[in-house]
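Chains as they are written, first to last, in the working numbering: chain A, 1 to 316; chain B, 1 to 316; chain C, 1 to 316.
Check before you lean on any hint, since a few could be wrong.
The list treats identical chains as one, so a pair stands whether inside a single copy or across any two.
[Said to hold, decoys possible] The list that follows gives simulated cross-link-like pairs (lysine to any residue, SDA-like), each with its CA atoms no further than 20 Å apart: (1) K119 with R33; (2) K253 with F237; (3) K119 with L279; (4) K289 with I65.
If you are wondering where the hints come from, they were derived from the structure by calculation, not from laboratory data.
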Amino acid sequence: VLLGEPVVLYRRSDGTPVALEDRCCHRRAPLSRGRVEGDDLRCGYHGFLYEPSGAVVWVPGTDRIPSSARVRSYPVVEKHGYVWIWMGDAALADEGEVPDFHWNTAPGWTSGGALLPMKCNYMLVVDNLLDLSHPPFLHANSIGSADDTNPELTWERGERFVRGVRIARDIAPTPRLRKMGVKSNIDTDKVMTYLPAGNVVLEITQTIRAPGDGPGAYHSFILNAMTPETESSCHYFWRNCRDYEIGNAELTKFLCGATATAFEEDKAMLEHQQAAIDLDPEAPEVNIKGDLGSIQARRLLQSLLSAEAPPARAAA
Amino acid sequence: VLLGEPVVLYRRSDGTPVALEDRCCHRRAPLSRGRVEGDDLRCGYHGFLYEPSGAVVWVPGTDRIPSSARVRSYPVVEKHGYVWIWMGDAALADEGEVPDFHWNTAPGWTSGGALLPMKCNYMLVVDNLLDLSHPPFLHANSIGSADDTNPELTWERGERFVRGVRIARDIAPTPRLRKMGVKSNIDTDKVMTYLPAGNVVLEITQTIRAPGDGPGAYHSFILNAMTPETESSCHYFWRNCRDYEIGNAELTKFLCGATATAFEEDKAMLEHQQAAIDLDPEAPEVNIKGDLGSIQARRLLQSLLSAEAPPARAAA
Amino acid sequence: VLLGEPVVLYRRSDGTPVALEDRCCHRRAPLSRGRVEGDDLRCGYHGFLYEPSGAVVWVPGTDRIPSSARVRSYPVVEKHGYVWIWMGDAALADEGEVPDFHWNTAPGWTSGGALLPMKCNYMLVVDNLLDLSHPPFLHANSIGSADDTNPELTWERGERFVRGVRIARDIAPTPRLRKMGVKSNIDTDKVMTYLPAGNVVLEITQTIRAPGDGPGAYHSFILNAMTPETESSCHYFWRNCRDYEIGNAELTKFLCGATATAFEEDKAMLEHQQAAIDLDPEAPEVNIKGDLGSIQARRLLQSLLSAEAPPARAAA
Chain A
1 VLLGEPVVLY RRSDGTPVAL EDRCCHRRAP LSRGRVEGDD LRCGYHGFLY
51 EPSGAVVWVP GTDRIPSSAR VRSYPVVEKH GYVWIWMGDA ALADEGEVPD
101 FHWNTAPGWT SGGALLPMKC NYMLVVDNLL DLSHPPFLHA NSIGSADDTN
151 PELTWERGER FVRGVRIARD IAPTPRLRKM GVKSNIDTDK VMTYLPAGNV
201 VLEITQTIRA PGDGPGAYHS FILNAMTPET ESSCHYFWRN CRDYEIGNAE
251 LTKFLCGATA TAFEEDKAML EHQQAAIDLD PEAPEVNIKG DLGSIQARRL
301 LQSLLSAEAP PARAAA
Chain B
1 VLLGEPVVLY RRSDGTPVAL EDRCCHRRAP LSRGRVEGDD LRCGYHGFLY
51 EPSGAVVWVP GTDRIPSSAR VRSYPVVEKH GYVWIWMGDA ALADEGEVPD
101 FHWNTAPGWT SGGALLPMKC NYMLVVDNLL DLSHPPFLHA NSIGSADDTN
151 PELTWERGER FVRGVRIARD IAPTPRLRKM GVKSNIDTDK VMTYLPAGNV
201 VLEITQTIRA PGDGPGAYHS FILNAMTPET ESSCHYFWRN CRDYEIGNAE
251 LTKFLCGATA TAFEEDKAML EHQQAAIDLD PEAPEVNIKG DLGSIQARRL
301 LQSLLSAEAP PARAAA
Chain C
1 VLLGEPVVLY RRSDGTPVAL EDRCCHRRAP LSRGRVEGDD LRCGYHGFLY
51 EPSGAVVWVP GTDRIPSSAR VRSYPVVEKH GYVWIWMGDA ALADEGEVPD
101 FHWNTAPGWT SGGALLPMKC NYMLVVDNLL DLSHPPFLHA NSIGSADDTN
151 PELTWERGER FVRGVRIARD IAPTPRLRKM GVKSNIDTDK VMTYLPAGNV
201 VLEITQTIRA PGDGPGAYHS FILNAMTPET ESSCHYFWRN CRDYEIGNAE
251 LTKFLCGATA TAFEEDKAML EHQQAAIDLD PEAPEVNIKG DLGSIQARRL
301 LQSLLSAEAP PARAAA
């Protein structure tokens with residue numbers, strides 16, 4: 001279920017992805033319980049056969065196929081190891097809006113990641129990713145450094161992005177780095193970029209200040225794609241990409257495990273937060289300086305949504 | 001829970017069944033947590049004692065029993081190994097409307113079956129049972145024969161039934177028949193009868209065309225009684241009755257196991273179908289030729305419901 | 001969750017209890033997932049630090065704390081081994097309204113008990129505790145004596161209590177007493193006191209009539225505190241206090257086990273009762289003589305609620 005709509009994904013025989021409404025036009029059986037036949041998808045209940053366009057090309061017992069026999073087909077494009085879907089008006093689909101996630105598949109890079117089902121609104125994950133004040137508290141035992149909070153943060157808002165930059169010099173290494181053998185202080189640069197439709201790119205550069213204490217600089221991108229399922233749940237796809245020691249599978253396992261641990265800490269807190277919101281949706285909130293990024297992201301999203309909405313009819 | 005109402009069933013000392021509202025008139029404790037005393041049922045909370053009529057004949061601490069101390073008693077009749085309940089106005093209960101399910105207990109017949117709890121509206125099961133196009137897809141590995149679909153189907157609508165007849169000649173045996181050793185083609189006659197209040201009788205005759213390849217003809221009735229629990233769940237009682245090799249308990253076990261397997265396949269699909277309906281109750285449906293039977297069944301049911309409804313008051 | 005509101009309880013460094021709204025004023029994370037620091041409570045998400053007054057005294061990244069940064073603090077008082085909370089207007093909190101539960105901690109007494117989460121409205125537990133007709137049925141195998149029902153009950157209603165007294169002479173011992181070796185009949189005095197806000201004190205005196213058959217008189221108080229969680233659930237705190245053989249830990253274990261068994265029987269019935277109420281909230285009920293106590297308790301509660309409610313605005 002994406003944005004409240006049931007969707008089935010499959011691949012044609014040439015491998016290109018197809019996304020159809022996951023609800024047979026006949027009696028609403030989910031097509032995801034059917035089977036792929038060549039480029040088409042057959043319903044597992046009465047055998048209706050669907051083309052990638054969503055049109056039905058076979059029904060049982062008759063050659064007369066009703067013209068209304070079709071389901072919605074969603075534009076999809078596969079890029080950087082992701083399948084991107086456009087849930088709006090197909091005529092407005094624009095491949096140019098697919099975020100640049102090239103680090104996930106580019107030569108010289110390696111990556112790992114997972115899909116985390118979240119029982120919270122996807123914007124709570126965006127808030128979390130654009131915030132640098134919570135790691136010392138929520139991630140005290142994983143990726144949080146007490147020195148690495150938000151004071152030096154600067155924010156920029158573009159037409160279709162919000163970006164924050166955090167430069168930290170000579171700060172304590174995180175518990176994760178300490179586990180990797182780093183004892184001396186580090187310099188950290190973080191660039192956080194929010195892109196509409198639920199994506200956040202984190203670029204993190206950690207430079208070891210004592211040259212003999214590690215491989216120099218750790219450079220990575222955390223790619224975060226949060227796809228809404230319902231108002232209070234989302235599919236959280238994340239990838240951890242790096243350009244050092246790319247052949248070291250053990251290191252990949254260690255780093256992804258550490259990221260997974262931190263994201264599980266986020267997941268627990270965000271799901272409790274959503275439960276508290278559901279208990280009293282009208283309870284007020286207080287904003288502080290550290291919320292600047294997430295507030296700008298929500299404003300950008302709201303302005304894009306308003307621009308998309310049809311104009312209200314003027315009163316006579 | 002039947003038709004949204006809590007019901008408790010028990011037997012008098014002479015074995016006749018009683019159906020009462022399963023909610024004590026005092027403080028609404030379920031009577032099904034009490035105990036039977038002779039012909040009566042005693043509440044397990046404060047000991048209120050109920051006669052089969054629903055009247056209270058004992059309360060604790062006083063001999064003065066309030067006249068309003070009673071629960072609803074539902075007309076029931078036991079017939080053909082089933083207990084039938086009338087949930088409407090007791091004055092309108094008509095034993096003549098009990099479906100003819102005599103094959104379940106008649107001499108010369110043997111039967112087996114089960115109760116399947118279904119998380120779907122009972123009419124989805126009716127649709128399923130009156131449809132001959134889905135077995136080759138949903139039951140490809142159990143009772144579906146690719147040849148045995150719906151082209152030759154004829155439908156008849158009576159005042160209180162809808163009946164379909166399917167005559168198939170020289171078709172491939174089903175996977176189940178092949179497991180029983182049948183290699184040659186078969187002739188199949190199917191008579192499907194929908195009766196209001198959620199019952200479908202299937203009469204199936206399968207004749208082996210190669211005389212040496214089996215016992216001749218397999219004749220069976222599948223009796224299906226779907227009792228609504230809520231709008232989106234029902235109790236599905238089914239029995240598989242046959243008049244051959246009636247002393248063969250191994251065969252009974254094999255046949256009922258095969259039917260149960262097929263009905264579990266239906267259950268999984270119908271519950272997904274209900275979930276898809278619940279996700280968007282307004283999503284449209286498309287009808288094809290094979291839906292003729294279920295459409296007629298729904299129309300018959302609707303016309304009976306309309307006839308039962310009190311006439312709307314005319315405007316002055 | 002108390003009365004529908006999220007509450008977090010912790011202790012200051014001197015041990016005194018604090019109750020705060022369990023929802024950070026920043027982004028609504030539950031404070032119960034944070035940690036206590038001295039007298040204060042720190043949110044586990046972004047580190048907001050709360051004083052016992054509910055005021056925020058530290059936020060990340062800035063010294064400017066918004067004046068609206070606070071959560072609700074509830075008056076609490078610890079007495080007799082309980083923490084009592086006032087959920088209403090703090091200015092109206094009155095320690096004098098805390099029920100007298102001194103037997104729980106008084107010298108010469110010993111006690112045991114538990115917290116039972118109940119999926120039912122708290123007043124169903126009050127009804128149950130003020131009723132002496134159900135033990136012979138619901139507790140036939142634990143604390144119910146067939147002779148010990150409600151005929152001799154007298155009720156008194158005060159301004160802030162409802163009290164019932166039951167004097168039973170020469171009745172059969174309960175199954176529990178029989179397990180303790182009592183063979184002869186007993187005299188039983190029961191005093192049941194309902195106090196508003198969900199508390200019931202039961203004083204029970206059981207005197208063995210045959211002097212050689214036991215220690216004489218068993219005297220105990222059952223203290224029952226039902227705290228509403230939602231409209232259909234509550235936290236049920238109970239304690240069993242006695243003034244005989246107070247050093248006998250085995251006896252404490254046996255008596256609390258027996259009480260727990262009986263209360264589990266109540267819990268099962270009351271939760272079924274709540275489910276039946278939820279299925280049809282409008283279903284009628286019938287009152288009998290034995291309901292006098294619970295009806296008076298509900299009337300007292302209703303009159304107190306009406307007195308508290310703001311007067312309706314008079315029509316012009």
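Intra- versus inter-copy proximity for I65 and K289 (alpha-carbon distance at most 20 Å) | between (61 Å within a copy, 10 Å between copies)
Given a CA cutoff of 20 Å, do K119 and R33 count as a within-copy pair, a between-copy pair, both, or neither?
-> Close across copies (17 Å), not inside one copy (24 Å); limit 20 Å.
Between copies, within a copy, both or neither: which fits K253 and F237 at Cα up to 20 Å?
-> within (17 Å within a copy, 48 Å between copies)
Intra- versus inter-subunit Cα pairing at 20 Å for K119 with L279 | both (14 Å within a copy, 18 Å between copies)
Of the numbered hints listed earlier, not one is contradicted by the structure.
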